[in-house]
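In the order they appear, the protein sequences are chains E and R. Numbering-wise, the numbering used here puts 210 at position 210 of the first sequence, and it's gapless, one number per residue. Numbering-wise, the numbering used here puts 424 at position 424 of the second sequence, and it's gapless, one number per residue.
These are computed hints drawn from the structure, not numbers from a lab. Worth double-checking, as some hints may not be accurate.
Given that identical chains are not distinguished, each listed pair holds provided it fits within a single copy or across any two copies.
[What the hints assert, rightly or not] Keeping only pairs whose Cα atoms sit at most 25 Å apart, straight-line, the calculated SDA-like set for lysine to any residue is:
| # | residue 1 | residue 2 |
| --- | --- | --- |
| 1 | K126 | G394 |
| 2 | K339 | N33 |
| 3 | K317 | A71 |
| 4 | K300 | D315 |
From a predicted model like this one, the values you see are computed outputs, not experimental measurements.
2 protein chains.
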Amino acid sequence: MKLKLLGSDPTMNLAMLAEQCLAMAKAARAAANTLATVRTERKNAWLRAAADRLQMQSGDILAANARDVSAAPGFGLNAAAIDRLALTPSRVAAAAEGLRQIAALPDPVGEVREGGTRPNGLQVLKVGVPLGVIFFLYESRPNVTVDAAGLAVKSGNAVILRGGKESLHSNAAIHAILSSELAAQGLPREAVQLVGTTDRDAVGQFLRMNEYIDLAIPRGGESLIRRVAAEATMPVLKHYLGNCHVYVDRAADPDMAERIVINAKTHRVGVCNAAESLLVHAGIANQFVKRIVEALREKKVEVRGCAETRSFVPDVKAASEDDYAAEYLDLVISMKIVKDLDSAIAHINKYGSKHTDAIVTNDLAASRKFVAEVDSAAVMVNASTRFNDGFELGLGAEIGISTDKFHARGPCGLRELTTYKYVVTGDGHVRN
Amino acid sequence: MKLKLLGSDPTMNLAMLAEQCLAMAKAARAAANTLATVRTERKNAWLRAAADRLQMQSGDILAANARDVSAAPGFGLNAAAIDRLALTPSRVAAAAEGLRQIAALPDPVGEVREGGTRPNGLQVLKVGVPLGVIFFLYESRPNVTVDAAGLAVKSGNAVILRGGKESLHSNAAIHAILSSELAAQGLPREAVQLVGTTDRDAVGQFLRMNEYIDLAIPRGGESLIRRVAAEATMPVLKHYLGNCHVYVDRAADPDMAERIVINAKTHRVGVCNAAESLLVHAGIANQFVKRIVEALREKKVEVRGCAETRSFVPDVKAASEDDYAAEYLDLVISMKIVKDLDSAIAHINKYGSKHTDAIVTNDLAASRKFVAEVDSAAVMVNASTRFNDGFELGLGAEIGISTDKFHARGPCGLRELTTYKYVVTGDGHVRN
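Produce the entire structure from the sequences given, and follow the hints as far as they go.
Okay, here's the thing in structure tokens:
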């Protein structure tokens, strides 16, 4: 079945929209059933061939992207957003390279995760299997279309992609290549489908179809994610805020602490694992506060601090409660001097977003306590918060970083897009 | 904080109910925060002491249970349901023994599930941590109160228990002992709370509190589970139907096949992993159908079959579409002769409940195909469906069997009540 791009029909009404969404979801389910048992080598062959074709046909992609870029100011995109939207030959090559990297990763499907033989001789294996159908919603950057399709197919899942209106033409050009290469490789074309309309009602339609869709993954602004979480009838893998902390303990090496704070805050300011808040133990404040404020300012970072911070550096702006809860994604950091480790942990568990929080210390007992009591997806000891990332933690490519606790926490790579089944083999075993 | 039993106040209105539910949820969150870092030996000490006290104070429990049993006919319970509700000294002893078994299981909290060192020297560990607060809803059997409390506390979670109205007094007596023993052991009393009202509105209140409750687990009839799934704002670990199949392949040993079918159907008829449907390969039907119908009838099982089944045994009742979808939980089985393995797999994936399905065969290729293509939590080869059970698969005690794919599939033991965090340790690592 070849689905028409939904947006192409000006007479579309809600009933027709619902019908087409349902047809897409059913086609995805059928494709997922086929894909679940496709051998790794065939999925990898598609990934590599699709990578080659993305580069060979980059002219088509760049032409489509040019249409999106020229329309972008009309959607209210600022220069930074347009830069994220724009593709270049090297960005297309990087997306293609991403597919080749996914091909090189181990297949989580069929992976025997645990296994053993029971005292009665029954063999029990826990084997990785795909989740099924994923509904993936995202904004802006068209290379995400490539990543998401590659991760979904490699993990044996069908995916319904719903990109932003800003990147509609780019996504359609990319999807046409990925989809035709699925067919060329004898794989189900509907394993990767693109929602061809930017009608918001289409999202609501898909979010109701828990009979056909196993997981929704929204990636974008907080309002998109909250809408999906509220409306979805299937599980949602989501990431709200990244309000990440660096806590500089009394037993920190000041040079190391400065290096980590500067890296965590300034290495890339617009990402979820960038530091947004700095906590300093009172016992090291005298040595450290002035120095770090100067180092941050040298990197153009605005510091907003507590009263005690300001007693060391009077021209620091006062931090409000809102500052401690903020995910700035900008050259701003909140700062607080805490009286001890317990206060640091309490502050992080109160204001943090359970994403990534770091301690800098050489005190083993302090690091053990921090690791045990800070309730975050990743806790870093003497390392920058920027390391909470699928590549850096060794998962390979990731579809996002989960701030949920259920199913998957932290970076979600291929394995997090799968579940498992028990395979139990006997010789005619019955229960007594 | 000591919470009053909600049902004890006849002037209770909805606002008061909401307030008391919120207070319970907040207290549970605080208890969970404490419990998350309590050492295993202290949790085990509570499990063993609570087991002893349940037996020592079994007189209180039995007296409370007698009140429930005498009120049971008024709630419309039949004799079988009253039997499940009734406690005896040996049933109390069995519940206590369950706690001691949980004490003997490994603690999933703090378990290092994966770990390694990245090329740059960063150590990355994936460490088990509790989910937080669990809202557990269940019906009838008061020993479930003991199991659920034991599993929750051992896995570091606080639990809010909401039992059925039929077992209100029994649950209150059991809860009083478990809770006072938490206090005696210096653990937070609110780690195990019992909702003291059977007001259905209380359930709705808790299901809205995703800020304080991390997981809802409904255990009971399908309508309860569907209500919870529809209303819950937090993840739900659930089990719908157990429409389990046994497929007797052409290459089955008929003796083994009979043994497995009889065990799967009749070992315990009222449980979710009992077989409800029998599929027989056409190539073995001549040898097997008459024999298995007779063997089932000898065990008082009514057989409902397809036209071809009835061509072998004419007095078999005709099976309808509804029969193939039914979870009888009774001495009834549906039966169908299928033309090949593919038809068997297609039938199971269409009518089954993704719970437990078995193949009986000595054909390795057939077993590989069945295992790969049947999309169920547990797939059994030459073994009874009855083995899909936490104890039998080696997980120890279980809180239920999940038919979901997300987070946990199949039996949910201690580890399935936890999540993980990444613990990343460096020597001042920053990203380049």
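Checking K339 and N33: alpha-carbon separation at most 25 Å within a copy, between copies, both or neither?
Close across copies (21 Å), not inside one copy (57 Å); limit 25 Å.
How would you classify K300 and D315 at a CA-CA limit of 25 Å: within, between, both, or neither?
within (15 Å within a copy, 87 Å between copies)
Homo-oligomer pair classification [G394, K126; C-alpha up to 25 Å]
Answer is both: 22 Å inside a copy and 12 Å across each meet the 25 Å cutoff.
Give the relationship of K317 and A71 under a CA distance limit of 25 Å: within one copy only, between copies only, both, or neither.
neither (40 Å within a copy, 67 Å between copies)
Checked against the numbered hints given earlier, this structure breaks only hint 3.
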